[in-house]
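Asker: Chain by chain, the residues:
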Amino acid sequence: MIEIPIWLLVVLGLMIVIMGVMLWTLLRERDFHMRVPDLNSFEEALPSIAGMTRALIVPDNSVDILQNGDEFFPALLESIRTAQETIHFETYVWWSGDICDEVANAFAARAREGVEVRIMIDALGSQKMSKELRQLMIDAGCQVRRYHPIRLLDIGQLNKRTHRKLAIFDGKTGYVFGHGVSRLWLGHGQDKEHWRDTGVRLCGPIVNALQSVFSQHWIEETGEVMVGQKYFPNVEPAGTCRVHLLAGAPLGGVSDLELMVKLAIATAQKELIIQNPYFIADGEMVDLLARAVKRGVEVKIMVPGSITDSPIVSHAGHRHFEGILNCGVRLFLHEKTLIHQKIMIIDGIWSHVGSTNLDDRSFDINEEAGVGIIDEEVAGGLKEAFEDDLKACVELKAKEWEKKYTFGHRVVDLACYLISGQL
Amino acid sequence: MALRAAKPARPESPETPRRKKKRARTFEVSYFAAGVYITLLLILVLLLWSARRERESHVRVPDLAELEQALPSIAGLTGSPFLPGNRVELLQNGDEFFPALLRDVAAARETIHLETYVWWEGDVCRTIAEALAARARQGVEVRLQLDALGAKNGDKKLFEMMEDAGVQIARYHPFSVADIGLFNNRTHRKVAVFDGRVAYVFGHGIAQEWTGHAQDEKHWRDTGARLQGPIAGQVQAVFAENWLETTAEPLVGEQYFPALGQVGPVRAQMTASSPQGGVSKLELLFKLAIATSQKELLIQNPYFIPDGEVVGLIQKAVKRGVDVRLMLPGAVTDSSVVRHAGHRRYEDLLSHGVKIYEYRPTLNHQKVLIVDGLWAHVGSANFDDRSLDINDEASVGLIDPEVAAQLRQAFSEDLKSCTEVTLVAWRKRSAWHRLVDRLSYLINEQL
Numbered sequence: 001m002i003e004i005p006i007w008l009l010v011v012l013g014l015m016i017v018i019m020g021v022m023l024w025t026l027l028r029e030r031d032f033h034m035r036v037p038d039l040n041s042f043e044e045a046l047p048s049i050a051g052m053t054r055a056l057i058v059p060d061n062s063v064d065i066l067q068n069g070d071e072f073f074p075a076l077l078e079s080i081r082t083a084q085e086t087i088h089f090e091t092y093v094w095w096s097g098d099i100c101d102e103v104a105n106a107f108a109a110r111a112r113e114g115v116e117v118r119i120m121i122d123a124l125g126s127q128k129m130s131k132e133l134r135q136l137m138i139d140a141g142c143q144v145r146r147y148h149p150i151r152l153l154d155i156g157q158l159n160k161r162t163h164r165k166l167a168i169f170d171g172k173t174g175y176v177f178g179h180g181v182s183r184l185w186l187g188h189g190q191d192k193e194h195w196r197d198t199g200v201r202l203c204g205p206i207v208n209a210l211q212s213v214f215s216q217h218w219i220e221e222t223g224e225v226m227v228g229q230k231y232f233p234n235v236e237p238a239g240t241c242r243v244h245l246l247a248g249a250p251l252g253g254v255s256d257l258e259l260m261v262k263l264a265i266a267t268a269q270k271e272l273i274i275q276n277p278y279f280i281a282d283g284e285m286v287d288l289l290a291r292a293v294k295r296g297v298e299v300k301i302m303v304p305g306s307i308t309d310s311p312i313v314s315h316a317g318h319r320h321f322e323g324i325l326n327c328g329v330r331l332f333l334h335e336k337t338l339i340h341q342k343i344m345i346i347d348g349i350w351s352h353v354g355s356t357n358l359d360d361r362s363f364d365i366n367e368e369a370g371v372g373i374i375d376e377e378v379a380g381g382l383k384e385a386f387e388d389d390l391k392a393c394v395e396l397k398a399k400e401w402e403k404k405y406t407f408g409h410r411v412v413d414l415a416c417y418l419i420s421g422q423l
Numbered sequence: 001m002a003l004r005a006a007k008p009a010r011p012e013s014p015e016t017p018r019r020k021k022k023r024a025r026t027f028e029v030s031y032f033a034a035g036v037y038i039t040l041l042l043i044l045v046l047l048l049w050s051a052r053r054e055r056e057s058h059v060r061v062p063d064l065a066e067l068e069q070a071l072p073s074i075a076g077l078t079g080s081p082f083l084p085g086n087r088v089e090l091l092q093n094g095d096e097f098f099p100a101l102l103r104d105v106a107a108a109r110e111t112i113h114l115e116t117y118v119w120w121e122g123d124v125c126r127t128i129a130e131a132l133a134a135r136a137r138q139g140v141e142v143r144l145q146l147d148a149l150g151a152k153n154g155d156k157k158l159f160e161m162m163e164d165a166g167v168q169i170a171r172y173h174p175f176s177v178a179d180i181g182l183f184n185n186r187t188h189r190k191v192a193v194f195d196g197r198v199a200y201v202f203g204h205g206i207a208q209e210w211t212g213h214a215q216d217e218k219h220w221r222d223t224g225a226r227l228q229g230p231i232a233g234q235v236q237a238v239f240a241e242n243w244l245e246t247t248a249e250p251l252v253g254e255q256y257f258p259a260l261g262q263v264g265p266v267r268a269q270m271t272a273s274s275p276q277g278g279v280s281k282l283e284l285l286f287k288l289a290i291a292t293s294q295k296e297l298l299i300q301n302p303y304f305i306p307d308g309e310v311v312g313l314i315q316k317a318v319k320r321g322v323d324v325r326l327m328l329p330g331a332v333t334d335s336s337v338v339r340h341a342g343h344r345r346y347e348d349l350l351s352h353g354v355k356i357y358e359y360r361p362t363l364n365h366q367k368v369l370i371v372d373g374l375w376a377h378v379g380s381a382n383f384d385d386r387s388l389d390i391n392d393e394a395s396v397g398l399i400d401p402e403v404a405a406q407l408r409q410a411f412s413e414d415l416k417s418c419t420e421v422t423l424v425a426w427r428k429r430s431a432w433h434r435l436v437d438r439l440s441y442l443i444n445e446q447l
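If you read the protein sequences in the order shown, they are chains A and B.
Residues 1 to 423 in our numbering are what the first sequence spells out, letter by letter.
Residues 1 to 447 in our numbering are what the second sequence spells out, letter by letter.
Pulled out of the complex, with its shape left as it was, chain B reads as follows (with noise of 0.2 Å):
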């Protein structure tokens, strides 16, 4: 660029010296290259844009017919097949999900993968650090695949002590300079695979918010399904992505994917996705499921802010019949801003017939869905941009009427401690509320 160091303009004349001072601290720059450079910023700007901006996100999905008929066109639009013969056992809270992960990771005999986006404080973390530790020594191959930003605030010694005693550790999309563009795409993933035979999907994280049974707001409410079958595969398989995309060590041999009889009654599809290659599988799997519903559509999410498609989707859910209830966190939730963002859609559901309950003693933080009492999703997928678009996510799909009647028996259980929300009360709401929901609105997309 045409550039050089500014002349004082006058030198012959008398100036102060703190004057002149000034003066030798600026530049002197052409409009040729001030063009030149506002040019460049300008196609750094588009390409960039370009390079990552989400190409289409309005798709439009027809009504769907009866579940069933449905059923393979679903699998084969979000690249999650159903496979048949799966074992599931749904565990609410840290009460029911720890001992039961502590127990699996006390049994496995070859090797134990864990993928999770937070590890963050408390007794939990060394509990589960330690039984790690304790089963690498032994000899057996233990995998932890943790978010970089997810993971950060985690006690270093802990780490250190696992990775000593033979735990491999891999971060993903570590802060460095090289990776700058990918800083943004985070693991919101949580998965463990034992043996590649008995596998977790879940929306706990490895922290002290996570223990307990939701009894107060230190302690989260969250739901995880334990499954074996040939499922565990393709939980591997989700596993095997990251893991090869931070280690470069590809997972091959029995001791990962071994071949995998039916042992139950429940067909469970595997839907992961990323932002990579186009639309996104889950967002694409949830609009399914609501365009499938023709009885009941219940969903308990803790950041739901819906786009306005999913909100003509459900629209038409309910005129067709479908009870639709939304089960959403009240007052206690981690994110304020999400949870304004999410309001701006409520008088569009509410007056359209769908009941929306607020949970109300602690941070509901499950990821459930479950369609005609027959159809259920559990993963860790939120209802928002950075869930559906940005972050690597996990989410089972269950096919069982005793599955999804256990989750629809807990949802049950969640609405005797909720509030519902009424379109009459939610239009008093005050003016100050509305601009802040209008607010929280306008940059949801990165939350």
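Next up, chain A with everything else stripped away, as it sits in the complex (with noise of 0.2 Å):
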């Protein structure tokens, strides 16, 4: 036993009190109500937008979308295959399979031949990755990082990862995209076993900011602050469309892509079309779709029915459906496999391809990349797809919903969405 006055006790107790507060003030997430008005149109609206979420927009790139594993992995591989100087390459999921194989061993590849290789991963996210895999990469002079460490002395940054998924090669041709490095993402979505994704491939100014966005966490894990022209060319123009990077910053200020994806729903006139594999509104959000649809949008939501590896974000994601259906939204159930794409389509005109999925651990948490693309035929193309993916879905109606939507439902996705800040 030890004896000890009163007075101390209060002061440590005060510190265990004060230290707590200080760590929840610093770790928790804001909650902001932002006012997002309607805006009158899109083209208005663009300097805005870009000023909003610090993301110029870049003219005279080229897009080609890339569907599914079977156009998404030889086009990266190609790619890989024919860089010369530099290649860039990160990403969250990287599992197992023989795809992991290939994509290591090409890597593995180019770096032998002198190519100067970067791949950074997050380690949570590579978790399952194979050490001989790593090892392999790192032999043949692959630089190989893994984004925050899993360490006790990183234990505070614990929860921030990279989900950011990236190439880049020779800083001159750039991809942005949804897919993992594993198995699952193979094939055409023909079926659980082989999920739907969407990603594209950029060439123009626009690589620049990739590249930018690249070497933040390059230069946070390793120091190295890459300066040349093999990383940072004068790009030359490649195509018609214009482009925005956005990359999520979280903690502390707003996310710039919550704010994208606000704005973006603010600024549709005719029509808007999403496609994202987690969808947890908030109440803003249902405020700005049900405005939408006052404002005569078209509004069609595409998200996964009862294929999903996430079922609580599910869950969480149907506390909001009544809201969404009563207000005129129509809310599509994919039924043939996992889509895991995140797709936004305004107006024929702006489409998003990126990582960003529609709940707080995107918006707030993570460290996102996606792009904003400006261009009727790309916006075409996506939408085509969409369509397509519209055969494998059912559509939800108000009063379907009204009659599953139990009590007993209701009691578990109030829960699923109570948790749903961190998922």
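It is possible that part of the hints are untrue.
[As the list claims (entries may be wrong)] Residues from chain A that keep clear of chain B, each with C-beta distances beyond 10 Å, as calculated:
1. MET19
2. TRP24
3. ASP70
4. GLY97
5. ASP139
6. ASP154
7. ARG183
8. GLN190
9. LYS270
10. MET285
11. ARG291
12. VAL293
13. PRO311
14. ARG330
15. ASP375
16. PHE407
[Said to hold, decoys possible] Here are the simulated BS3-like pairs of lysine-lysine, each with C-alpha atoms no more than 27 Å apart in a straight line:
17. B:LYS319 / B:LYS428
18. A:LYS294 / A:LYS397
19. A:LYS294 / A:LYS336
20. A:LYS230 / A:LYS128
21. A:LYS230 / B:LYS295
22. A:LYS230 / B:LYS316
In case anyone wonders, no lab produced these hints; they're calculated from the structure.
Being a predicted model, the structure only gives us computed values, none of them experimental.
Even for Gly, the Cβ is constructed at its ideal location relative to N, Cα and C.
Reassemble the complex: the two chains are provided individually, in unrelated frames, and hints are given to aid placement.
Answerer: Next comes the structure, spelled out in structure tokens:
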């Protein structure tokens, strides 16, 4: 037994309380109820959107849409094989399967031929990565780094992951995508074991911005500052698309990506299409959607039906189904496979492809990356794919949902919603 | 925790009343409980430290090639692209800065945005407050973003007067228990934007000290820039970022972000940093600027505490043949601890051929950097850890021989009022001076 005076006890207790509060204020998500106004025209709003999200709109780019693994992986592997000086790759998921060997071997082969290969993988997302594969790449000369390694010193950063999916070749060709390196992303979305996803290949000046986003985590983890034309070349115009790159900055300020998504909804005048695997609307999102419908916008949202890798997120998303359906949004549940792509299409002009889920983890915690593309042809291509996906969907009607939405269901959904901030 | 009120050890034993009273005010705590407490405390310390620590401050900046070649890399790494087509006017001291600012306040038609750290006291506060209030009464949207700490001594009546007139005032990181973890992060940015078309980036505070023309200790030296063209949109974006954070109001519309055409010859970049998101962009920018210099590097800064890497980069620059000149405060400073902390590096710099000048007449508060007479930065960022890692800062980069020449001219003018610090004289400084320097450096991070 140690005898201590009361005042010391009080001081010691207060110390714990103060530190607890400090920690909470540092790590908690700040709840923002933004007042996003309705906007009159997309073109007029563009400088504001670019300014508010700090993402310059860069003209003169080419954009190729890459659907599912069948189109994405061959294109990626081809770019790896033909890169001359630098290969940069950042991803969250690196699990297992033959595709992992194939990608790793392709990286290793180029590194052996003297190409600088830098790979940034999230320490949590790549826990299942095989050690031999990693060693094979390192032995070949690839620089492989893990983002926010899971160790005691970084315990306060544990929750903050990189969910970005980027690849940049010679600073001239870039990829932004939703795919993970795993056999689940192979194929063409034909069944539960082959997921649906979408990426884009970009050429033109926007690739400098992609490299800029890649360099953030690379500097943070390695301290290496990449300077020179092989990283940031003067990129020639390559096409006619205007593109802006959005990269989420979590904690503290407001997430650029959340703002982008909300501003985009507020600008829609005719049609708004959303496809997302994890859709947990907050009150403001529901309000924005309702206002869009009232303006006469046709709003269609596609989310996973029974096939999902995260039932809790699905349940949390159900919380706002009622509100969304009642305001006149058309909701489609995909039943063939997990639709993992994060797509938005507005008025057939602007579209978004990237890594951002429509939930708090993507908006407020993770590091994300996505591109906004201003081009009718690209929007048309994505819309065609959406319509194709519709064939595997069941439309959820308000009345039907009312019947399904029993008390028990509500309780489960509420419970899931309450913890959804971290999912 | 296992606690229980201590019973008197031997209640039957005779003890003086005084002793008894003292006993009743103590608790007995088991070793187990104490162990649990200490463990909990350690976990909290670790969590707090790891959530806040600078994850990586050792960046390895290579020597850069010629500036034009390095520009895309510098823009990419600092996330601040160079936009062509801007017009720039430099504003020296309060005498040039405040009249220009007030003219633009009077001329604005739709929106007036001002963000500052310092709002202290003096006639100038009243003049600006009244100008803002007058415009608000006429229906102009006026937004004033103040730092809760920097403006805590401002005249409350003035703030009330402005709010009554319709000025929207937001305070950055106010003192609330719910935000105690953010208390140390201040906004040190100084920007103003009018109708989204005319922007200012400056070092001045709104206080009597910044009026005049640096004529004496009570009138400080400072530099700002008035900007027109596409860069104004970037300055607005920096203002909008903190405004959104403090008020949740996104600024969307042509009155905030109009389409901006090219109006002048200057390429400009806006570099803003905040403590979130890894390595500080301004720290990286300053390091890249030093590394890219080929002929001449001029730095004027009131708080100069470089880390080892900056010293290394400067030494390398001198070795490349770069003429490196630093102008720092002399005896007139508002923070002698910072000044002394900076002294720690004097020897390393002087012995490698860096020229150090101490400004005599008043505090030189301007944050100016000029590379090779071509690329200049003007803004709010001091050359110390608080500015580079903790605060929100804003600095504008300008590429134009004419603008750089004007800033060089001002540097030469200031030089006339400086004393050069020589290595010989420096080595003769007293033991007491050395001790103060050392102690100051130890605590410099938080200053």
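Asker: Now look at each hint and say whether the structure bears it out.
Answerer: Here's how the hints hold up against the structure:
1. MET19: Since the minimum Cβ distance to chain B is about 4 Å, MET19 of chain A lies within 10 Å and the statement is violated.
2. TRP24: violated, 7 Å
3. ASP70: The claim holds: ASP70 of chain A sits with its nearest Cβ about 32 Å from chain B, beyond 10 Å.
4. GLY97: holds, 31 Å
5. ASP139: holds, 23 Å
6. ASP154: Contrary to the label, ASP154 of chain A does not stay out of reach of chain B, its closest Cβ about 5 Å off (not over 10 Å).
7. ARG183: Fine: 32 Å to the nearest Cβ keeps ARG183 of chain A off the interface.
8. GLN190: Holds, because the least Cβ-Cβ distance between GLN190 of chain A and chain B comes to about 39 Å, which exceeds 10 Å.
9. LYS270: holds, 19 Å
10. MET285: Per Cβ check, MET285 of chain A is outside 10 Å of chain B; nearest 14 Å; holds.
11. ARG291: holds, 14 Å
12. VAL293: holds, 20 Å
13. PRO311: Label holds. Min Cβ-Cβ 30 Å, cutoff 10 Å.
14. ARG330: About 27 Å separates ARG330 of chain A from the closest Cβ of chain B, which puts it past 10 Å; holds.
15. ASP375: Holds: least Cβ distance 19 Å, greater than 10 Å.
16. PHE407: PHE407 of chain A is indeed farther than 10 Å from all Cβ atoms of chain B, at 34 Å.
17. B:LYS319 / B:LYS428: Given that 27 Å is the threshold and the Cα spacing comes to 26 Å, the pair holds.
18. A:LYS294 / A:LYS397: Judged against 27 Å, a Cα distance of about 18 Å means the pair holds.
19. A:LYS294 / A:LYS336: violated, 32 Å
20. A:LYS230 / A:LYS128: violated, 32 Å
21. A:LYS230 / B:LYS295: Roughly 25 Å between the alpha carbons, so the hint for LYS230 of chain A and LYS295 of chain B holds.
22. A:LYS230 / B:LYS316: Answer holds: LYS230 of chain A to LYS316 of chain B is near 24 Å, not above 27 Å.
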